[in-house]
Amino acid sequence: MSAWSAFGGGIPFSGGLVALRASTWRLNARLTRPLGPRHRPLSSLTSGLTYPACGAGLAAWPSGQYVARVRPSSYSHLRLGPMAAMASTAGPETPSSGGPQPNQPPSTPSHWVLMAGVALVGVGLLTAKLSGQDLVYIPSMLKKAAEGADPPESSAPNRRSSNPVESVTSVATSTPDVPQNLPVTSLHRAEIPDLPRFVPYVLVGAGAAAFAAFRAIKSEDPTAKVLMIGDENHYPYMRPPLSKELWYSDKIERDDISFTQWNGRQRSLYFEPPPFFTPLSELTEKKNGGVSIVRGHKVVKVNSVKQEVELDNGSVVGFKKCLIATGGRPKKFPVLDKNPLMRAKVSTFRTAQDFFDLKDKAQHMKKIAIIGGGFLGSELACALALKSRNKWDSKLEVIQIFPENGKMGKVLPEYLSAWTTEKVRDEGVTIKSGQKIEQAEVGGPKNDLILTLSDGEKLTVDHAVVAIGLEANTDLAKSSRLEVDNEFGGFRVNAELEARSNVYVAGDAASFYDVILGRRRVEHHDHAIVSGRQAGLNMVRGLAQPYTHQSMFWSDLGPDVGYEAVGLIDSTLPTVGVFARGTQGDTPKAAVTQSDEAMRSESQEGDESEASSGSSPVSPRASSSLPLAENEKYGKGVIFYLKDDVVVGVLMWNVFNRVSLARRIIRENKRYEDLADLAKLFDIYKDEEEIN
Amino acid sequence: MASYCEEKGKDRIIFLNPMDAHPNSSSVTFSSESEDTAPQGLVQSDGSINWNCPCLGGMAVGPCGMEFREAFECFHYSESDPKGAECLDKFSQMQGCMKQFPDLYESADDPPELGQIAETPSDPIVPETPTNPNPEKTEPAQ
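Here the protein sequences line up with chains A and B, keeping their order. Under UniProt numbering, the first residue of the first sequence carries the number 1, and numbering increases by one thereafter. Under UniProt numbering, the first residue of the second sequence carries the number 1, and numbering increases by one thereafter.
Hints in this document: simulated from the structure, not taken from any laboratory. Glycine is no exception: its CB is placed at the ideal position from the N, C-alpha and C atoms. Please note that a few of the clues may not be correct.
[Said to hold, decoys possible] Here chain A is said to cover these stretches of chain B; the calculated rule only asks that three of the stretch's residues, wherever they fall, bring their Cβ under 8 Å from a Cβ of chain A:
#1 7-15
#2 23-30
#3 57-64
[As the list claims (entries may be wrong)] Computed list of lysine-lysine pairs in DSS-like fashion (alpha-carbon distance at most 27 Å, straight line):
#4 A:LYS320 x A:LYS338
#5 B:LYS10 x A:LYS643
#6 A:LYS633 x B:LYS8
[As the list claims (entries may be wrong)] Facing chain B, according to a computed beta carbon distance under 8 Å, are these residues of chain A, among others:
#7 ASN288
#8 PHE333
#9 TRP419
#10 VAL578
#11 GLU668
#12 ALA676
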């Protein structure tokens with residue numbers, strides 16, 4: 001940094017070099033950001049914004065690791081830097097915008113090289129400080145790029161007929177502002193023009209795990225040719241915002257799934273904009289390889305013997321290595337799946353399309369039931385209640401129904417779940433806990449959905465969203481002769497994520513052997529990213545590298561409760577919770593109110609040293625704690641989940657930025673006589689502000 | 001007020017007294033085996049480049065990933081004076097490639113971001129890179 005400052009000061013530059021300097025500066029600045037505020041990328045851009053009633057909305061994307069580091073704009077700075085410096089026109093350039101640069105002598109190519117070089121060194125030095133352990137995923141912020149989505153046939157006369165899945169041919173042929181969604185039903189038999197007969201790396205699925213695998217493959221093998229095949233019509237996008245930020249955005253563009261951030265910028269959910277992908281027709285010939293995508297098609301069979309995949313239209317593509325990342329699909333609730341009339345009033349929530357459907361419908365409703373008390377149900381209930389309160393004309397009553405006694409009952413120990421439920425009950429959501437839906441019918445004067453709960457209460461609602469969990473999509477298991485896990489669901493793979501020779505599985509669809517925690521299946525975004533990456537690396541290297549990096553997840557349940565967790569977080573396990581004697585100052589709400597939202601959390605990286613070597617005194621605020629009121633009892637703490645007395649899961653409750661410490665404890669895989677002693681490492685009394 | 005415990009079924013709850021809670025007072029130590037061995041950052045301890053570093057965004061894996069890597073690598077290992085003097089060709093190749101993807105490697109809406117970054121000096125705004133009017137006529141820089 002200081003080298004940069006020295007360099008930046010006083011030396012006259014030509015326009016190109018100035019541009020380079022400016023851009024690298026900004027890159028440089030961004031690269032240092034991860035060491036600052038951690039995981040609320042949107043909120044980090046919105047200082048001064050008040051915390052909404054339901055924290056999940058603002059608090060954004062789980063793990064945040066995939067956003068905070070380098071966003072596409074910085075990516076474009078990086079792009080622009082050397083480009084500007086190396087502009088083929090010799091001599092000085094005039095900055096097209098920006099302030100005047102007095103006394104700029106013409107620069108010579110050697111200056112350029114020097115500058116570009118320095119830029120790169122800067123990148124190197126600065127990033128060397130960063131942990132490389134988490135893939136960064138970058139929604140595109142380039143509006144233009146998002147506009148490059150496929151146009152319909154009518155507007156692209158030069159394109160092959162009925163070719164809904166072809167990759168973008170070129171930017172020039174694409175037309176902005178035209179919906180790219182095409183009816184799925186018409187696709188299955190459609191021929192896929194230019195589909196190669198063989199691609200070394202075939203990825204079945206186009207979600208987070210597949211995209212992470214692609215990045216790992218391409219990093220390891222720079223000329224790799226990769227083909228992704230996904231059944232949605234969108235380019236690969238990330239799902240977490242669908243139940244979070246998207247609900248808090250005023251302007252959402254349906255076609256590129258972009259939405260307005262708190263700061264007014266448009267942001268896309270795409271991992272990369274359409275031009276990033278290589279047209280199918282070019283993939284085989286490209287000397288440096290690339291990644292192509294087939295959209296709107298399913299793979300129906302993976303033939304491990306012949307090493308080829310078969311698509312729903314009968315096409316066959318050979319592979320050298322194949323990844324199955326088919327993800328999961330929402331479980332259906334039989335009671336609410338009885339007839340077409342009822343099905344019209346019931347939906348699940350998984351895709352971008354589901355988001356738009358629900359949003360369109362919900363604003364005209366009076367009452368909606370959210371069935372399920374887990375992550376998705378809780379986030380949606382909060383989002384809808386808040387949206388209705390703040391944005392919509394008609395008031396929507398949101399009723400959340402679940403059989404557990406409290407929110408997140410499968411995750412949190414019962415006392416904490418009950419306490420949390422009380423905390424969020426007045427956020428505008430009517431909570432019916434401990435209730436099953438015994439019966440459902442469509443009736444009444446307006447053909448409403450009438451739900452009968454286990455206590456006999458009848459609820460009349462306009463619509464119900466079923467969020468009772470996910471089941472792994474193993475449709476192609478039988479045809480592919482792959483083993484499905486009877487207990488956890490998903491394709492059974494070994495610790496290296498391999499199902500058969502050269503066939504790997506990652507993400508939600510994988511039941512993998514965790515060498516420390518045993519067999520498990522995980523349904524979180526961060527897991528999709530890290531398992532996808534591990535599978536990708538193993539596909540290229542052929543190494544037997546087990547998937548050992550513990551993925552994390554996090555959630556906020558209203559203004560008073562936020563948590564991050566690693567390992568086996570299962571409320572059936574015995575737990576030991578170690579809590580601070582809470583004060584009113586220990587809640588996320590208070591932290592946000594005090595400073596701004598971003599201040600309550602920080603980068604995960606480096607927290608090991610922070611947490612274990614911190615030497616600042618105990619917070620005076622905490623030590624002067626007032627007598628403990630019942631409703632502040634569990635304000636802040638660490639909960640250890642135990643299996644045979646070994647710590648297998650760590651949940652950090654209103655304690656942020658300690659994930660790598662938690663990971664290390666799980667890697668230790670041992671018993672502790674005194675868990676309070678272990679909990680001290682988390683420095684739970686330390687204020688967020690102090691750590692920052 | 002000492003730390004105290006409660007039990008609720010299988011779940012135990014400990015309230016830690018602030019005076020007992022400091023990390024330095026913990027007797028827990030970790031074995032070296034549990035250290036995180038994942039690659040950290042862009043440049044590894046042996047000097048090699050970690051192309052999977054999140055810090056690179058899509059640069060190393062995008063359509064100009066190879067060109068980017070060659071230019072970057074050339075510079076990284078360069079021993080000339082000034083460093084990277086021999087890399088001009090590779091940088092031009094990278095630029096040539098990037099010009100074919102104006103929507104990917106152009107950033108029209110960057111300036112608003114400037115204000116978001118405290119460390120940003122008051123540099124002029126990056127000029128727009130001219131868009132190649134005939135992208136299909138440009139030879140890929142390979």
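Cross-check of the supplied hints:
For the segment 7-15 of chain B, the assignment as covered by chain A holds, since 8 residues bring a beta-carbon within under 8 Å of that chain's beta-carbons and 3 suffice. Only residues whose beta carbon comes within less than 8 Å of a beta carbon in chain A count, and the segment 23-30 of chain B has 7; three or more means the coverage holds. Figure legend: the segment 57-64 of chain B, annotated as covered by chain A; annotation consistent (7 residues with Cβ-Cβ distances under 8 Å, at least 3 required). Restraint check for LYS320 (chain A) and LYS338 (chain A): the C-alpha separation of about 44 Å exceeds 27 Å, so the hint is violated.
With a CA separation close to 12 Å, the supplied pair LYS10 (chain B) and LYS643 (chain A) stays within the 27 Å bound. At most 27 Å may separate the alpha-carbon atoms for a hinted pair to count; LYS633 (chain A) and LYS8 (chain B) meet this at roughly 14 Å. Contact between ASN288 (chain A) and chain B, as hinted, is supported at the beta carbon level, the nearest pair being about 4 Å apart and thus within 8 Å. For PHE333 (chain A), the interface hint is violated, since its Cβ never comes within 8 Å of a Cβ in chain B; the closest pair sits about 29 Å apart.
Look at TRP419 (chain A): its Cβ only gets to about 11 Å from chain B, farther than 8 Å, so that hint breaks. Taken as an interface hint, VAL578 (chain A) checks out: its beta carbon lies about 5 Å from the nearest beta carbon of chain B, inside 8 Å. At a threshold of 8 Å, the smallest CB-CB gap from GLU668 (chain A) to chain B is about 5 Å, leaving the interface hint in force. Satisfaction of the interface hint for ALA676 (chain A) is found here, the shortest Cβ-Cβ separation to chain B being roughly 5 Å, below the 8 Å cut-off.
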